[in-house]
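Peer 1: Here is how the chains run, residue by residue.
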Amino acid sequence: AQSVTQLDSQVPVFEEAPVELRCNYSSSVSVYLFWYVQYPNQGLQLLLKYLSGSTLVKGINGFEAEFNKSQTSFHLRKPSVHISDTAEYFCAVSEPSYDKVIFGPGTSLSVIP
Amino acid sequence: GAGVSQSPSNKVTEKGKDVELRCDPISGHTALYWYRQSLGQGLEFLIYFQGNSAPDKSGLPSDRFSAERTGGSVSTLTIQRTQQEDSAVYLCASSLAPREQYFGPGTRLTVT
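Residue numbers (my numbering), protein chains in the order written: chain P, 1 to 113; chain A, 1001 to 1112.
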């Protein structure tokens, strides 16, 4: 069965500093991977997705993630964060043969001025 | 175009009452999902509809929860005999392919 682990429940980081939010998944087959963001008091929106091809995926707002099959990871990175990046970030996984999407518990990113 | 809509946006109900939450997916999206998000928690999968296939109900927490999707479009999540632990934000999402989900704004349910 699929599962998603986000080891860091909270990540404080200073403005303009780089950040990495970690995501690991478990699956015995190939996967699709996603990062969603939830800004305060808003709904979830897609940041980026990996379906196939290049393992480095670029998303909106300067975020990128790298799929590492051997480490079953899909860590999210941004070289310089802004106050507006303060939000909850969710990693998610699904299998190509089945649409069900499993979400991780989320990481709360707080950007400190 | 129109996104996923959910109604009501807020619902306060007394313990023991039944509630119905509605989701209007994006037109043409074949898949529809319901999730529950409790305060400070992640997304708990509840149920998944795909086209005319039987729904995946594996995430429903008890038999008090049920959902239907009429005509492959609108979905209703029903919670019978609500309990205080049912208080949460209920999120609906729809997708076409492949798997990118579009979320509604959610319904905040408070059981008093």
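One thing to keep in mind: the hints can contain errors.
Capping the alpha-carbon separation at 30 Å, the derived lysine-lysine pairs in DSSO-like fashion look like this [what the hints assert, rightly or not]: (1) K100(P) - K1011(A); (2) K1057(A) - K1017(A); (3) K100(P) - K78(P); (4) K1057(A) - K100(P); (5) K1017(A) - K49(P); (6) K100(P) - K58(P); (7) K69(P) - K58(P); (8) K1011(A) - K1057(A).
These are computed hints drawn from the structure, not numbers from a lab.
Peer 1: Each hint: holds or not?
Peer 2: Hint by hint, here is what the structure shows:
no.: 1; hint: K100(P) - K1011(A); in the structure: holds, 27 Å
no.: 2; hint: K1057(A) - K1017(A); in the structure: holds, 22 Å
no.: 3; hint: K100(P) - K78(P); in the structure: holds, 28 Å
no.: 4; hint: K1057(A) - K100(P); in the structure: holds, 11 Å
no.: 5; hint: K1017(A) - K49(P); in the structure: violated, 40 Å
no.: 6; hint: K100(P) - K58(P); in the structure: holds, 23 Å
no.: 7; hint: K69(P) - K58(P); in the structure: holds, 17 Å
no.: 8; hint: K1011(A) - K1057(A); in the structure: holds, 23 Å
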